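Since chain U is already given, all that's left is putting chain L with the ligand on it; use the hints.
For the record, the sequence lines run as chains U and L. Just so we're aligned, residue 1 is where the first sequence starts under our numbering, counting upward by one. Just so we're aligned, residue 1 is where the second sequence starts under our numbering, counting upward by one.
Treat the hints as calculated values from the structure; they're not laboratory data. Small disclaimer: the values here were computed from a predicted structure and weren't measured. Heads up, some of the hints might be wrong.
To be verified - With the C-beta cut set under 7 Å, the calculated list includes, among others, these residues of chain L facing chain U:
| id | residue |
| --- | --- |
| 1 | Ala71 |
| 2 | Gly73 |
| 3 | Gly111 |
| 4 | Gly273 |
| 5 | Gly277 |
| 6 | Ala281 |
Note that beta-carbon positions come from the ideal geometry of N, C-alpha and C, so glycine has one too.
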Amino acid sequence: MEPTLDLRAALRDMILARRVDTEAIALQRQGELGLWPSMLGQEGAQVGAGSALRPRDVVFPTYREHAVAWCFGVDPVQLLGLFRGTTMGGWDPAERGFQLYTLVIGAQTLHAVGYAMGIVRDGDVGTGDPDRDRAVLVFLGDGALSEGETNEAFVWAAAQNLPVVFFCQNNQWAISAPFSVQSRVPAAQRASGFGFPGVQVDGNDVAACHAATEQALAQARAGGGPTLIEAVTYRRNPHTTSDDDLRYRDAAENDHWRDLDPVDRLRTTLLESGAIDDAFLAAVAAEEQELAERLRTGCRALPVPSHDDPFLHTLHTMTPELARQRDEHLAFVAAGEEGPA
Amino acid sequence: MSTETKNQAMAHALNQALRDELDTDPKVLLVGEDIGELGGVFRVTDGLAKDFGGTRVVTSPLGEAGIVGSAIGLAMAGYRPVVEIQFDGFVFPAMNQIVTQLAKYRHRSEGRVSLPVVVRIPVGGGIGAIEHHSESPEAYFAHTPGLRVVCPSTPQEAYALMRAAIRCEDPVIFLEPKKAYWSKGPVDHAAGAAPREALDRARVAREGDALTIATYGALTATALKAADELAAEGTEVEVIDLRTIAPLDHETVVASVRRTGRLVIAHEASQSGGIGGELAARVQRDAFFELEAPVLRVTGYDTPYPASRLEEEWLPGLDRLLDACDASLAY
Ligand SMILES: Cc1ncc(C[n+]2csc(CCOP(=O)(O)OP(=O)(O)O)c2C)c(N)n1
Chain U
1 MEPTLDLRAA LRDMILARRV DTEAIALQRQ GELGLWPSML GQEGAQVGAG SALRPRDVVF
61 PTYREHAVAW CFGVDPVQLL GLFRGTTMGG WDPAERGFQL YTLVIGAQTL HAVGYAMGIV
121 RDGDVGTGDP DRDRAVLVFL GDGALSEGET NEAFVWAAAQ NLPVVFFCQN NQWAISAPFS
181 VQSRVPAAQR ASGFGFPGVQ VDGNDVAACH AATEQALAQA RAGGGPTLIE AVTYRRNPHT
241 TSDDDLRYRD AAENDHWRDL DPVDRLRTTL LESGAIDDAF LAAVAAEEQE LAERLRTGCR
301 ALPVPSHDDP FLHTLHTMTP ELARQRDEHL AFVAAGEEGP A
Chain L
1 MSTETKNQAM AHALNQALRD ELDTDPKVLL VGEDIGELGG VFRVTDGLAK DFGGTRVVTS
61 PLGEAGIVGS AIGLAMAGYR PVVEIQFDGF VFPAMNQIVT QLAKYRHRSE GRVSLPVVVR
121 IPVGGGIGAI EHHSESPEAY FAHTPGLRVV CPSTPQEAYA LMRAAIRCED PVIFLEPKKA
181 YWSKGPVDHA AGAAPREALD RARVAREGDA LTIATYGALT ATALKAADEL AAEGTEVEVI
241 DLRTIAPLDH ETVVASVRRT GRLVIAHEAS QSGGIGGELA ARVQRDAFFE LEAPVLRVTG
301 YDTPYPASRL EEEWLPGLDR LLDACDASLA Y
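So here's chain U without its partners, still in its complex pose (with noise of 0.2 Å):
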């Protein structure tokens, strides 16, 4: 199969979505935002993966596939709102299919076999036709593989040969753990010990990653069942906005990526073959600035969810209960509000 990745396009999701990033942290550095796991060095892998989804594939990301979200559609104004502390989800995950991201960690990778196993009953796989066939795309990190239930994933996804694709980016690190705390052998080997293909990529090629997801996804959606990819690139940030990664590992290990960087590569390669100039890269800077100016105003503008709103959405009709300790809150919070006597 060949790759149909447009080069031009995936250089400029990876610009936009970087800007995404870069904005989110200085959000956060304004106060305007609690915390920001950054994705700086991985848009090679995310855009890699997300630019092979069709519309009606699923995706189950983490708490870091910006990027992805921004291949798939979703707003990202709506991905700020679970770090500025205005919703615990932010945006629609029925609309798109891209799922509201995961905290626990492996958590999504068992709702992605689930999913499967939903598509695989309603008949969305392996009927050849392009308009019908499903596949669930779902991300972890390296520190997920030694999860419990990821390995539960694995042996479930293997047993019903089901149409999911798991995409590991290594990135190096968990927090301060380094690969070598969750596994001797590389992520990729591990799918072979539970029958299903394991593919090792570039992360920071951003075709390859394409062409590995495209190929595994193209796979599950026709009844081939499950691939784990093994994405290998590095999370040139901290973990998230506070976490101090100089105690755990060294600037010139950060600086030895920084040269590998998956954005800087990509440009230089198209503009080294002519298939960009200063001008393509002078209209997505002005995009940039579009974006930037959007995701600030956007940013401060993310409603303020009501007191009422977590009693609202526990359970799908209210208990009497409920309905008493909602009323004893708003009082309360009305009576805060009027200020002292």
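For chain L with the ligand alone, coordinates are given in the frame of chain U:
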């Protein structure tokens, strides 16, 4: 679908409820360890795989997190999974999925996504089982907002509540009292699913005006026995089957206590942090001036569940319940 009233064991009533829901709604499916050919270790799913096929009654790999976690994904994909945890003591590997995922998704999606998952768990002791096979974990679930916790006491209740649970848009932890699996009672299949409100409401199992006993699950039968004995002495006891532990219908209990002035709460689970404490707190809040005696609790002790040779004394039984009633009446 069967239509007549039958005298049936709770396990069979549950089987019929699952069968009727599988029949009614093609999106319903059952997943669990050994639930297919074997019909589950308690045979609650007996014959269902044969009749509905292995894709609707699925024997899963051995992994509780996988069972609940994949049910979440199935529900996201539009299915209504009813999953079986083989024994109460083995639900803990799935606690992460239940507490951090299943219970919270409605809230996180601002009400957009419902996860209509039923987690069936055989619970409780008194059947001479070995370690990890006699637990009462209901308080863990009841403490987690976003979950419903149901525990039937009779075959009829089991049948009607199971069907209601499967139709409910919320995740339901459905606790099946093992000790009651083989006790029989009339079941009216024609009545179908209990109305959804039944999942919010306690049931008055026997009326009386001298004292209220509030309990649920297998202990309901014991409470009714105690009421019989006290009635022989001329004391009419009201027995309330809580039926659902979350939401906890304290209002029915409060209304009863306003008339009787006395409340004894009974549950098998250990006392500290149990449902009894929550109920007692609410009753004293709402019926403080009507109480003639302190609210008393008859519960399992705050110890690990004992070896089965000791369970008869450890569990709240008829004698301990009668003692508590006497103590309450003596105030
Ligand atoms: C079950 C669980 N345990 C611990 C944590 C705390 N924690 C948050 S992120 C993280 C590291 C995850 O590393 P990895 O899976 O490699 O993903 P990355 O952050 O590198 O993208 C840890 C330990 C958690 N969120 N969930």
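Checked hints:
Taking 7 Å as the C-beta cut-off, the interface hint given for L/Ala71 holds, the closest approach to chain U being about 6 Å. Hint status for L/Gly73 relative to chain U: holds, with the closest Cβ pair at about 2 Å, below 7 Å. A distance limit of 7 Å between C-beta atoms decides the matter here; for L/Gly111 the minimum to chain U is near 4 Å, and the interface restraint holds. Look at L/Gly273: its Cβ only gets to about 18 Å from chain U, farther than 7 Å, so that hint breaks.
Taking 7 Å as the C-beta contact cut-off toward chain U, the hint placing L/Gly277 at the interface is violated, the least distance being around 15 Å. The beta carbon of L/Ala281 is not positioned within 7 Å of any beta carbon in chain U (closest approach about 11 Å), and the interface hint is therefore violated.
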